[in-house]
Amino acid sequence: MSARRRPWLLWVPLLGFILLATIFVIGLRKPDDPSITSKMIGETIPAFALPAATAGVQGLASADLTTGTPHLVNIFASWCVPCAGEAPQLEALARNGVPIVGIAIRDRPDDVAGFLTRYGNPYARIGSDTTSKVQIAIGSSGVPETFVVDGKGVIRLQKIGPIMPEDMADVQAALVAAR
Amino acid sequence: MIAEAGLVALWLGAALCALQLVLTILTLRTPLVLSEVEGRVASASPGARASTSLSTNGEEMGPDGAMLAKAIRPVAVAQGLLTCLAFALLILLFIRVDLSVLLVAQNDHSEKPFLYRFAASWGNHEGSMLMWVSILSVAGAAVAVLERRLNERTLIATLGGQAAIALGFYAFLLFASNPFARLTPPAMEGQGLNPLLQDPGLAFHPPTLYIGYVGLSVAFSFAIGALVTRDVGPAFARAMRPWVLGAWIFLTIGITAGSYWAYYELGWGGWWFWDPVENASLMPWLAATALLHSVTVLATRDGLRAWTVMLGVVAFSMSMVGTFLVRSGILTSVHAFAVDPRRGSFLLALLALYIGGALVLFALRVGTVREGSRFDALSREGALVLNNLLLTVILGIVLVGTLYPLILEGLTGDKLSVGPPYFNSAAGPLALLLCMAMVAGPLMRWRREDVRPLLRRLAPAAALVVVALIAIKLFAPPIGLLPLLGLGLSFGIGLGSIEPLFGRNLRRTPLFTWGMVVAHFGIGVALAGMACDSAFTVEKLVAASVGETIPVGPWRVKLASVTPGFGPNWTSMESTLEVERGGAPRTLRPQARYYWAPPTETSESAILTVWNGQLYTVLGSQAEGGRWQLRLWWKPFVTLIWAGGGLIGLGGFLALIGRLLRERRSAKNRELYA
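Protein sequence lines, in the order shown, are assigned to chains A and S. The opening residue of the first sequence carries number 245 in my numbering; numbering runs sequentially from there. The opening residue of the second sequence carries number 288 in my numbering; numbering runs sequentially from there.
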């Protein structure tokens, strides 16, 4: 190694490490937010048609969301514990006249029926997405998630995680804005 | 009381570690006494080559120093014993399921089988960190007891380096990750019954890898020791080599076993996913492989001095970076431990201290290390330099790919993940180039080689590659370029790697030469397996009714029945598949399992291994109309991947034994002729 002629070369590894450490510092400082926001916000909801998730409910198609009134699209599953946690909030919204439609992810008809009996049914329609295809198409990566879709079928808001009592104001404001 | 005893043992170990560091500094600062040096040089003269490269001028220790130095070895040994005691006590707590200890309550469960209670002690952050420190101290103790070849001052500096590293990690354990913390009131039952972690492969995979990672600390400390005493030469390289080789063997076995575990357990049919944690194990392996080769150049030809020291620093630095990546939570991965931001900052501070410190020392000192011997570009040294450069570039590619999501998120806020296409297309061609250098290297002479004889020696392997490529093109279905080249090349590696044995008396060929041949042959075997898997795998995803037969490659798979079953903490749907390809039918039983605590669905794949590959079957969920989802793969010669990995590890083992035998013999000879 011709270190004697180019002594600066010996400091290159250290510089490389300082760069690496800087990246680590930035990485550590960033807020730990594992949620993935949808790229579909502001876009029209993609076309889909899902069969009914259980007996006694209607299936869901993208056409049901372009009726002129804003909708709440709730991505849920009977096997998802936080989904049960947001049931009272959804119930309250439904009582206030907000049209809520559901998409059951990787679920079975009997389980969905059981879930509705136990936690109530705020949904006007429930589509069954057994392969998560529609879920991925609208940019959702987990359950529960809730989307505010305006009367023309444009996605206005994405709420990742369960709707808790403190989130109600945001959701209602978005519904008003989407009108 | 056991937990308190463990904590006391840990504190005592930390205190001895501090003492070891202080003793080292005092010893190295005491001035020289001339008579002492003369006596030493005289006694060392039979092994004259060993001491010629030492810059002993004016740096030998005085009588006080010698007194202090005598204390260092016992201190290192006592420290190793104390950490082992602490670790043993933690294991005891886990076996007895002492729920008044927080860590046990979080990770253990009284209904777990013995083996998994035992393994649970290192299946968590604190416990695995204690294992880390234990291995570190034991490695230090082993150097103190076993290392007799090295110049005493360099050895002491090495033990000082080991103590300096250990001290930081003791602090990390004691202040930020205490494994012995009590829980009041004690828990009624433990929470650690995760069924996915109850697998013998998972229980013993981490210790193997850890011995590899932390074993590299010895190479790091050797490099520090050599920089402090400016003693970089063949004797230093010969002393360092077995330690590097030992750690490298464990890393190789750990990575190979981990790859097979992921393959059969995760049910995706893949054997390498370029997951950040896999990369964290691959990077130290790449650096250690480079180090292994450059240390040979230094030991045999006294070349590549600065570079070898650099690699010694880089290899263990990669281990520490990997530990940081996994435990700080800055990268998301399936392997990630539950994280605490304070721990990330603590680890980063340790990283800055050790890696930064070592690199500063390197920059300041290595200029004063005399230049090693020179050599021609076309020589065995040249081939090893090429090997080192390629391994380093591949290491860089893996590092950048692993960190790129982090960099991008820091700069733009976008989230993305870097997948196999990047790694395969960036590192693949370089790896093939590396394989060619690997075949050519051992066929060259040291110092300088002529083109013609070399070409003559390479001709058979090259001809075989051409024949293989033509045959594959003619007879096999069309395949991608990289798998095609890989498969063709693997034949050449197979032949070329055993060529160093041609014309030799096989019984007199040294064991370490056999080791090299076996390891290089193993690379060829693994490469063939990888190429076959990516070129010839047949995948079928079907919804089959009971009684239906599905063709997969040469196989006919009949879904005979699906029956419910149950185990201690799960229920399952078990399918019976009757498979045949012209012979007697065989039965495979892949399962879909449902655990209830915590509610988890897993698929237990069923794999049929035959001489030319594996039939890999997975049962999915039920589809409409009473049909069942089945995933079927026919993977020709996929087993070669792990067989190759095993051969590489075996080669390393033979080389290690061979080196140790030769050293014992030459030590005996020295005694005889002294």
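Everything labelled a hint here was simulated from the structure, so no lab data went into it. Among the hints, a few may not be true.
[As the list claims (entries may be wrong)] In silico DMTMM-like links for lysine to aspartate or glutamate, alpha-carbon gap of 20 Å or less:
#  : chain 1 : residue 1 : chain 2 : residue 2
1  : A       : K377      : S       : E911
2  : A       : K396      : A       : D308
3  : A       : K283      : S       : D701
4  : S       : K760      : S       : D737
5  : S       : K827      : S       : E891
6  : S       : K357      : S       : E291
7  : A       : K283      : S       : E696
8  : A       : K377      : A       : D308
9  : A       : K396      : A       : E287
10 : A       : K283      : A       : D354
11 : A       : K403      : S       : D701
12 : S       : K845      : S       : E865
How the hints compare with the structure:
1. Pair hint A/K377 plus S/E911 holds up; C-alpha atoms about 17 Å apart against a cutoff of 20 Å.
2. Between A/K396 and A/D308 the CA atoms are separated by roughly 10 Å; this keeps the pair inside 20 Å, and the hint holds.
3. Note on A/K283 and S/D701: the hinted pairing holds, with a Cα-Cα distance of about 11 Å set against a maximum of 20 Å.
4. Only pairs whose Cα atoms come within 20 Å are accepted, and S/K760 paired with S/D737 is rejected, the gap being roughly 34 Å.
5. With a C-alpha separation of about 17 Å, the suggested pair S/K827 and S/E891 falls inside the 20 Å cut-off, and the hint holds.
6. Restraint check for S/K357 and S/E291: not satisfied, since their Cα atoms lie roughly 32 Å apart, outside the 20 Å limit.
7. Using a Cα cut-off of 20 Å, the hinted pair A/K283 and S/E696 holds, with the two alpha carbons roughly 16 Å apart.
8. Pair hint A/K377 plus A/D308 holds up; C-alpha atoms about 18 Å apart against a cutoff of 20 Å.
9. For the hint pairing A/K396 with A/E287, the CA-to-CA distance comes to about 10 Å; that is within 20 Å, so the pair holds.
10. The straight-line distance between the Cα atoms of A/K283 and A/D354 is roughly 33 Å, outside the 20 Å bound, and the hint therefore fails.
11. For a cut-off of 20 Å, the pair hint linking A/K403 to S/D701 stands: about 19 Å separates their Cα positions.
12. A distance of roughly 5 Å separates the Cα atoms of S/K845 and S/E865; the hinted pair therefore holds under the 20 Å criterion.
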